[in-house]
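Produce the entire structure from the sequences given, and follow the hints as far as they go.
Letter by letter, the chains look like this.
Number of protein chains: 2
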Amino acid sequence: MPPAPGDREARRKDVSEAVWRVLADKGFGGLTLRAVATAMGVSTGMLMHYFPTKRALVTHALDLLEKDTAQRPRRAHPEPGLATVRAMLLDILPLTPDDTARNRIWVSSWDLSLADDALAAEQAGRYARLRSTMRPHLEAARDAGELPATADPEQLAATAVAFTHGLVVQALFDPDRFPLDVQTAMVDSFLASLARRQDPSDD
Amino acid sequence: MPPAPGDREARRKDVSEAVWRVLADKGFGGLTLRAVATAMGVSTGMLMHYFPTKRALVTHALDLLEKDTAQRPRRAHPEPGLATVRAMLLDILPLTPDDTARNRIWVSSWDLSLADDALAAEQAGRYARLRSTMRPHLEAARDAGELPATADPEQLAATAVAFTHGLVVQALFDPDRFPLDVQTAMVDSFLASLARRQDPSDD
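Listed in order, the protein sequences are those of chains A and B.
Residue numbering for the first sequence follows UniProt numbering, starting at 1 and increasing by one per position.
Residue numbering for the second sequence follows UniProt numbering, starting at 1 and increasing by one per position.
It cannot be assumed that every hint is accurate.
Any copy will do: because identical chains look the same in the list, a pair fits if it lies in one copy or spans two.
Said to hold, decoys possible - With a Cα cut of at most 20 Å, we get these calculated EDC-like pairs of lysine to aspartate or glutamate:
#1 Lys-26 with Glu-122
#2 Lys-13 with Asp-98
#3 Lys-54 with Glu-17
#4 Lys-67 with Glu-9
#5 Lys-13 with Glu-66
#6 Lys-26 with Asp-117
No wet-lab data here; the hints were simulated from the structure.
Written out as structure tokens, the structure reads:
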């Protein structure tokens, strides 16, 4: 007798949770049918009903990562301008255990994505969308006088995304050196340095 | 008859070059004995004389990456201060094909390193050393008035390393958006924003 639909749904959830645990612990390099089966306490054969191939498992893992990222809790966006850019940058950083796991999985996925043209293009698109979401707030900040009149919002968006993702990597490798308050202070100093007006003698 | 020492040395070099090509193309996720054997046009069995296990192959690959990084050509360090920080940041970025391959392999290695406590500690140590090398130049810049008197060299070193490594990742995924001149302009704007003096009205 086939399992009742409710059981199947519950089992799917168990599988996804096990995939996530393996990814958070061992990354994509450690994501195998055997590792997921072990994490669930089931046989590899059972798991192959869900993932007939390694490729199917990786696709499901990337899908989970997308969904988890889209559904993560985010800070409110107070008003157009630097305060919203700050909220966006803090939303990216590994400030909580959940954020740390998600970031660790993202960083791990880069090895895979760089080796696959389609995945690399998706990742480039993700960065471009992030810059596009940030740019109007940098324009608003410039127009409101929060940034120098000479500020280039497109370049600053790329710089802010670079700074934040590089901080993610440093914090993942050295969480004791980069706890929540240090990461937050770095974001605030970074934004303050962008905001500083050019000294008149430089004009 | 065993191969002459010269032959053995030449063969070792061939093996290392094949490992590098596989890493630059497919990352650590694609580094297998079979892939290296195929890149060399030899049998997997032949290659197992050099690498009896996958682990031995990975260790050799990490070793190659360290050596290539240590031996890469670097810019001269003009004088203590921001000009030297600039040279250090440009030395990290993927501005040439060789720099791009090396960075692509480093980013790929993060998946592996995050899953292994000893490798993660090595990577954290590498970032700490990079910050330590940069810090005296940020102190010199502050003391020479290139940076605001309130500048925190340790924090700025961490920010500069974060910015640069995040730019590496963006540039690897989207080389058309981040060619050499764009990366260089971003470094210059980033350093200019650090250098800007606080507006007197903010004091």
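Taking the hints in turn, this is what the structure says about them:
For the homomeric pair Lys-26 and Glu-122, the shortest alpha-carbon distance between copies (17 Å) is at most 20 Å, but the shortest distance inside one copy (23 Å) is not. Proximity of Lys-13 and Asp-98 under a CA criterion of 20 Å is satisfied intra-copy only: 18 Å inside one chain copy versus 44 Å between copies. Proximity of Lys-54 to Glu-17 under the C-alpha cut-off of 20 Å is restricted to the intra-copy arrangement: shortest distance 17 Å within a copy versus 29 Å between copies. Taking CA atoms no more than 20 Å apart as the test, Lys-67 paired with Glu-9 passes inside one copy only; the shortest distance there is 17 Å, against 50 Å between copies.
Proximity of Lys-13 to Glu-66 under the C-alpha cut-off of 20 Å is restricted to the intra-copy arrangement: shortest distance 16 Å within a copy versus 42 Å between copies. Taking the shortest Cα distances, Lys-26 and Asp-117 sit within 20 Å of each other only across copies (11 Å), while inside one copy they are farther apart (24 Å).
Checked against the numbered hints given earlier, this structure breaks none of them.
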